Amino acid sequence: MKYIQRLLLITLLPLGVIAPAAESARATIVQAILAPDAAQTRTLITSLTGNPDEVIPPLLEAWRTDQLFIYRHGETPVPVQLTGEKDADGARAALRVDSGEPLLDAAGQPLRLASSGLKAVDHTTSLRRAMKGVLDVFDIVSPDPNRRSKAIQSFGLAQDTTKLAILLERLPRETDPRVHRALREAVALIQLKDAKDEVKLAALAELKALHTLSSTDFLQRALKEAEEKKNEPVATAAKSAMYAVESHRSTVDFLGTLFRGFSLGSILLVAALGLAITFGLMRVINMAHGEMIAVGAYTTYLVQNIFGAGVTIPFFGFSLPIPGMGLTGSAYQWYFIAALPLSFLAAAIVGIGLERSVIQWLYRRPLESLLATWGVSLILQQVFRLMFGANNVQVSSPVYLSGNWTVNDVLLGWNRVFVIGFAILIVFGMWLVLSKTSLGLLIRASMQNRQMAACMGVRTERVNMLTFGLGSGLAGLAGAFLSQIGNVGPSLGQSYIIDSFMVVVVGGVGSIAGTIISAFGIGGIDQVLQQYLPYWAPGLAWVPGIGGFLQNLAQDAAVFGKILVLGGIILFLQWKPAGLFVTRSRSLDE
Amino acid sequence: MSNSTPAPDNWLARHRVELGIVAVVAFAMIVVFPLLHASGVVSDFTIRLWGKYLCYALLALSVNLLWGSTGLLSLGQALFFTLGGYMHGMYLMRMIGELGQYKKPIPDFLVFLGWDRLPAFWEPFDSFPFAMMMVLLLPGLVAYLFGFLAFRSRIKGVYFSILTQALTYAASIMFFRNNLLLGGNNGFTDFKFILGHDIQASGTQRGLYVAAAVTLLLVYLFCRWLGRTKFGLVQQAIRDGENRVLFSGYATAHYKLFVFVLAALIAAIGGALYVPLVGIINPGEMQAEKSLEAVVWVAVGGRGTLLGPILGAVSINFLKSWATRAYPDLWLIILGGLFILVVLFLPGGLVSLPARLKALGRKFTKPKAETASPETPASAPTKS
Numbered sequence: 268m269k270y271i272q273r274l275l276l277i278t279l280l281p282l283g284v285i286a287p288a289a290e291s292a293r294a295t296i297v298q299a300i301l302a303p304d305a306a307q308t309r310t311l312i313t314s315l316t317g318n319p320d321e322v323i324p325p326l327l328e329a330w331r332t333d334q335l336f337i338y339r340h341g342e343t344p345v346p347v348q349l350t351g352e353k354d355a356d357g358a359r360a361a362l363r364v365d366s367g368e369p370l371l372d373a374a375g376q377p378l379r380l381a382s383s384g385l386k387a388v389d390h391t392t393s394l395r396r397a398m399k400g401v402l403d404v405f406d407i408v409s410p411d412p413n414r415r416s417k418a419i420q421s422f423g424l425a426q427d428t429t430k431l432a433i434l435l436e437r438l439p440r441e442t443d444p445r446v447h448r449a450l451r452e453a454v455a456l457i458q459l460k461d462a463k464d465e466v467k468l469a470a471l472a473e474l475k476a477l478h479t480l481s482s483t484d485f486l487q488r489a490l491k492e493a494e495e496k497k498n499e500p501v502a503t504a505a506k507s508a509m510y511a512v513e514s515h516r517s518t519v520d521f522l523g524t525l526f527r528g529f530s531l532g533s534i535l536l537v538a539a540l541g542l543a544i545t546f547g548l549m550r551v552i553n554m555a556h557g558e559m560i561a562v563g564a565y566t567t568y569l570v571q572n573i574f575g576a577g578v579t580i581p582f583f584g585f586s587l588p589i590p591g592m593g594l595t596g597s598a599y600q601w602y603f604i605a606a607l608p609l610s611f612l613a614a615a616i617v618g619i620g621l622e623r624s625v626i627q628w629l630y631r632r633p634l635e636s637l638l639a640t641w642g643v644s645l646i647l648q649q650v651f652r653l654m655f656g657a658n659n660v661q662v663s664s665p666v667y668l669s670g671n672w673t674v675n676d677v678l679l680g681w682n683r684v685f686v687i688g689f690a691i692l693i694v695f696g697m698w699l700v701l702s703k704t705s706l707g708l709l710i711r712a713s714m715q716n717r718q719m720a721a722c723m724g725v726r727t728e729r730v731n732m733l734t735f736g737l738g739s740g741l742a743g744l745a746g747a748f749l750s751q752i753g754n755v756g757p758s759l760g761q762s763y764i765i766d767s768f769m770v771v772v773v774g775g776v777g778s779i780a781g782t783i784i785s786a787f788g789i790g791g792i793d794q795v796l797q798q799y800l801p802y803w804a805p806g807l808a809w810v811p812g813i814g815g816f817l818q819n820l821a822q823d824a825a826v827f828g829k830i831l832v833l834g835g836i837i838l839f840l841q842w843k844p845a846g847l848f849v850t851r852s853r854s855l856d857e
Numbered sequence: 028m029s030n031s032t033p034a035p036d037n038w039l040a041r042h043r044v045e046l047g048i049v050a051v052v053a054f055a056m057i058v059v060f061p062l063l064h065a066s067g068v069v070s071d072f073t074i075r076l077w078g079k080y081l082c083y084a085l086l087a088l089s090v091n092l093l094w095g096s097t098g099l100l101s102l103g104q105a106l107f108f109t110l111g112g113y114m115h116g117m118y119l120m121r122m123i124g125e126l127g128q129y130k131k132p133i134p135d136f137l138v139f140l141g142w143d144r145l146p147a148f149w150e151p152f153d154s155f156p157f158a159m160m161m162v163l164l165l166p167g168l169v170a171y172l173f174g175f176l177a178f179r180s181r182i183k184g185v186y187f188s189i190l191t192q193a194l195t196y197a198a199s200i201m202f203f204r205n206n207l208l209l210g211g212n213n214g215f216t217d218f219k220f221i222l223g224h225d226i227q228a229s230g231t232q233r234g235l236y237v238a239a240a241v242t243l244l245l246v247y248l249f250c251r252w253l254g255r256t257k258f259g260l261v262q263q264a265i266r267d268g269e270n271r272v273l274f275s276g277y278a279t280a281h282y283k284l285f286v287f288v289l290a291a292l293i294a295a296i297g298g299a300l301y302v303p304l305v306g307i308i309n310p311g312e313m314q315a316e317k318s319l320e321a322v323v324w325v326a327v328g329g330r331g332t333l334l335g336p337i338l339g340a341v342s343i344n345f346l347k348s349w350a351t352r353a354y355p356d357l358w359l360i361i362l363g364g365l366f367i368l369v370v371l372f373l374p375g376g377l378v379s380l381p382a383r384l385k386a387l388g389r390k391f392t393k394p395k396a397e398t399a400s401p402e403t404p405a406s407a408p409t410k411s
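Keeping their order, the protein sequence lines are chains A and B. Just so we're on the same page, the numbering used here is the position in the first sequence counted from 1, plus 267. Just so we're on the same page, the numbering used here is the position in the second sequence counted from 1, plus 27.
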C-alpha cells in the first residue's frame, strides 16, 4: 500500500489534493460513485492508478458503458451493476459493486432489477479521461510479465512523457529481467525527448548499453535533430548508440542466417536421405523420389483428416468417403505423431510396388531407369491431382510445432527446430539400421558386390526390394515433415527433387556422411547468399556492360542465390568430380 | 552396331527404303501441304500446328544427336530451344513498335515495370540479322561453357543428366523473374510483324511453316551425313565404350563438347522457328519436364535413328493435341505410361517395330527352317 500512496503523491500533487487511503479497489470505486461532487470522484478514480486489482478494468468499463446504477433501499444507496440477459419485464441480474456478489432481497433471494427504475451512475468527459489514464497503466502492474512488457514497450515507442513518472517508479521494483529491460528502454526512449542535454546523453548511454533493435528509428531521429542543432556531444552519443545497435543487429542477422541455414540443411538432408539410399547405394535414378515425398505428405494430410472430420477422395469418377474420428483438442494434436510411421509405410509400399513393377528390370541400365521412373513420376503427380485436387491441401501444424522461440532477438521457429532434431534422429536411425542390423549387413553386402552376395546365399532380389522400400519410406517420412514447412500439392516433389540430387552428387554418391555434409553446406551457403546478396549487389556495378543488369538481378536474392549455388556446384565438381567423399572401386566405369 | 559400319558401296542400298520415304514425305510436307493451304483446303490452324510439330522434331533430332548417337542424355535441350526462341522473340517484340497496349515505343511489360526507355541490351534486337546471330550465339555460348566444364571433369552418365537438369532449372527460375527484363512468367507474346510482314497473315504462316519444314529436312540430311563421317563413328564409339575410345588416343571431351554445342544450336534453331509460328514464348517452355518430354519423343520414336525422333515428336504431339482435348485428366498418365512401356518393352522405339514384327513372324511361320537370326534393332547401345 505504501508505494501506492507514494505514487498517488507523485501523480496527484499537481492537483493539490490528497486522496483518502483506499482499502480496496472495489471500496474506492463505491466511494467514487457515491462521492458528492465530480472533482472528488475524479480524484478517487485517479487514485486507482497502479492498483493491480483485476476488477478495475471491467468495473470501469461497465461505468463507461452505463451499466452501473444506484439502488436505493431505505436510506443506504447501493451501487449495482446490471448484467446478463433481460427477462420479460426488462429486468436483469444485479451485482453489488462493493463485493461483486448478487444483490439479495430481505428473504435472501437474488434480486432482478430493471434499469428504468434506477438512477444510472453518470460520467463526464474529464472522468472518462481519468478512467482511461487508470486503464492505460493498469497493464504495467499486471501479474503477467508478457502483458507488462508489452504495455511498457508501447509507452516507450510512443515516447509518452506523461507515463515517465510511473515507469520510473516501477523501475526498482521490477523483478522480471525481461520486463526490467523493457522498462529501462522505455524510460530511456521517453527521456530522449527531454530538453536537457545531460538527460539526453544519459538516455543515449542507456540505449547504447541496451542496444535494442526497436530503438533504431528513435536514435536516427535524435541524431538528425542533434545535427541540425549542431549539438556535438549529443550527436556523437547518438552515433555511438546507433553503432552499438547496428552491430547487435548484424550479430542477430548472422545468427538468424546460421539457424536458417541449419534448418534448410536439415530439410535438404531429410529430403535427400532416401535418395542417398536408392541412388547412392543402389545406383537407381529414381526420378519419382519427389513423388515419394509427396506420398508421405498426403498421408499426413489423410491422417489429419481421419483424426478430424473425415474427407472424401474422388478417384476416376468414384468417390471414396474416409470417415473421421472427430477428435478435438489435445487428442487431435496427436495426429502428427501417428502420421509419421504411416507416411513411412505408405511411401515404402508405393516404393516396393515401383521396384517390383519397373525398376527391377532396369538395374543395369541407369539412364533407362531415369526415364521410366520419370514416367512413374508423371503418373503419380496426375493421380495426386485427381485424388486431392490441383490446389494445395491444408495441413495444419499441431500446437507443439507452431510458435517461436526468441533467444536474444533471434527468432527460432519451433517447426524448424524440430526439423533439425528430426534430421539428427533419422540419420542416427539410419546409421543404426545400416550398421547394426542384419538387414543393414545384407544391404551393404549386396550393394558392394551383388554377385558375390548372391553366391553366399543372400537373396539379393529381396534385399533390393527392401532397400528400395527403405529409401522410399525415408522419403515419405521427409514428406510428413515438409508438410509442416511448405505447401502440400501435386508438384511438391518437383520442388525438392533437383535439390536432393544435387545434395547426393556433391556429397559423393554412396556416402551417407557426404550427403550430410553437403546438405548442411548447400543449405548454409544458400541462406548466407539470400541474406547478404542485397548488400553485395551494389558491388556488381563494375562488371562492364551488364553491371546494372546484374545488380538488378542480385536484388532477387532468393532466386539469384539459388542460381549461384547451382553454378557453384558445377564448379565444385570441377575440383572434385566424384563429390566430397569418393567410394573407391576397381571398376573402370563406376 | 552392324548397320552403322561404313560401307559406302552398299550404304545407299541399305538406306534405300528410308531415303525413299524421306523423299516422298519431304515432298508432301514442303510442296504439297503448303499448296493445299494456299488453295484453302488446309486451314491456318492446321498448318500452324504442323509447323509446331516440325519445330519439335528439330528439338527431338538435337536430343537424338546427343543421346542416340553419343550416349549423352541431356535433360537440358528445352533450355537451348527456349533460348533460341527468346532471342527471336526479342526481335519480334521490337517489331510490335507502338502497337502495344500502352502505345509506347518499348515493350508493354517494360512499361509495366516502370521503364521509360529501352534497356541497353535490348537495343540491337531491332535488327533481324543480329537477332538471328544471337539465336545461335547465346545458346551456343551457354552450351560451350557448360559442356566445357562438364566434360573437362569427365562428368558422364546420369551425373551429366542431373546436372543438365539443374542447369535448366536454374535458368527457368531466372527467366520467371521480372528482374531479368525478359517478360517474367508471361514471356513474349502479341507479336505483330516479322520482316515487315503481318505475322498473322496466311501467307506469312505458310512461309514460316515451309521454313521449318526445309530446316528440318536440312538438319536431317546433315545428321545423316555426319553419321557417315569419321566423326560420326567416333561419336558412336564414345556411346558404346567411352574408355576404349579414350585409351585409343581420342580426346573424347572435345568430341563430346562439339556434339553438345551442335545439338544446342539445332535446338535453338528449332526454338527460333517455333516462336513466330506459335506466337508466344515463356519460361514454362524451359522447365525440366519439357526437356524430358523431348526425350520421350526420341525414346518412343526410336533412339539412335534419324526417322525415329521425327516420327516420335510428331506422333506424340499429335496424340497430345488430341488427348489433352479428349481426356485432359488422363494425358499425363498416358504419357507416363507410354514412357514406361517403351523403356521396358520396346527399347528400339516405334521404328524398330517392323523389324521386330518381321522377326516374330519368321519365328511363327518357319520355326525350324532357319536358326533364329539375331535381330538387331537400330539402337542397342550397351555399356561396357
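Bear in mind the hints are in silico, worked out from the structure with no lab data behind them. This structure is a prediction, so every number in the text was calculated from the model and none was measured. A hint or two may mislead.
[Said to hold, decoys possible] Computed list of lysine-lysine pairs in DSS-like fashion (alpha-carbon distance at most 27 Å, straight line):
#1 843(A) to 183(B)
#2 497(A) to 463(A)
#3 496(A) to 460(A)
#4 399(A) to 496(A)
#5 491(A) to 460(A)
#6 317(B) to 347(B)
#7 79(B) to 829(A)
#8 183(B) to 829(A)
#9 491(A) to 475(A)
[Unchecked claim] Going by beta-carbon spacing under 10 Å, a handful of chain B positions derived as facing chain A:
#10 69
#11 70
#12 73
[To be verified] Quick look at which bits of chain B chain A covers, simulated, 3 or more residues with Cβ under 8 Å:
#13 165-178
#14 295-309
#15 361-373
C-beta atoms are modelled at their ideal positions from N, C-alpha and C, and glycine is treated no differently.
Please verify the coverage claim for the region 165-178 of chain B: does it have three or more residues whose C-beta sits within 8 Å of some C-beta in chain A?
holds (count 3)
Between residue 491(A) and residue 475(A), is the straight-line Cα distance small enough, at 27 Å or below?
17 Å, holds
Going straight from one Cα to the other, do residue 399(A) and residue 496(A) come out at no more than 27 Å?
37 Å, violated
Restraint status (C-alpha distance of residue 496(A) to residue 460(A) at most 27 Å):
14 Å, holds
Hint consistency between residue 497(A) and residue 463(A) [alpha-carbon to alpha-carbon, up to 27 Å]
15 Å, holds
Measuring from the C-beta of residue 69(B) to each C-beta in chain A, is the shortest one below 10 Å?
Violated, because the Cβ-Cβ distance from residue 69(B) to chain A comes to roughly 33 Å (cut-off 10 Å).
Does residue 843(A) pair with residue 183(B) here, judged by a C-alpha cut-off of 27 Å?
14 Å, holds
Given the hint that residue 317(B) pairs with residue 347(B), test it: the Cα-Cα distance must not exceed 27 Å.
Satisfied, since the Cα-Cα distance of roughly 13 Å is no more than 27 Å.
Supplied contact hint for residue 73(B), tested at 10 Å Cβ to chain A
Violated. Min distance 28 Å.
Under the criterion of a CB-CB separation shorter than 10 Å, is residue 70(B) in contact with chain A as hinted?
Violated. Min distance 31 Å.
Has the given pair, residue 183(B) with residue 829(A), been kept, meaning a C-alpha gap of at most 27 Å?
23 Å, holds
Check whether three or more residues of the region 361-373 of chain B sit with their beta carbon closer than 8 Å to a beta carbon of chain A.
holds (count 8)
Checked against the numbered hints above, the structure breaks hints 4, 7, 10, 11, 12 and 14 and satisfies the rest.
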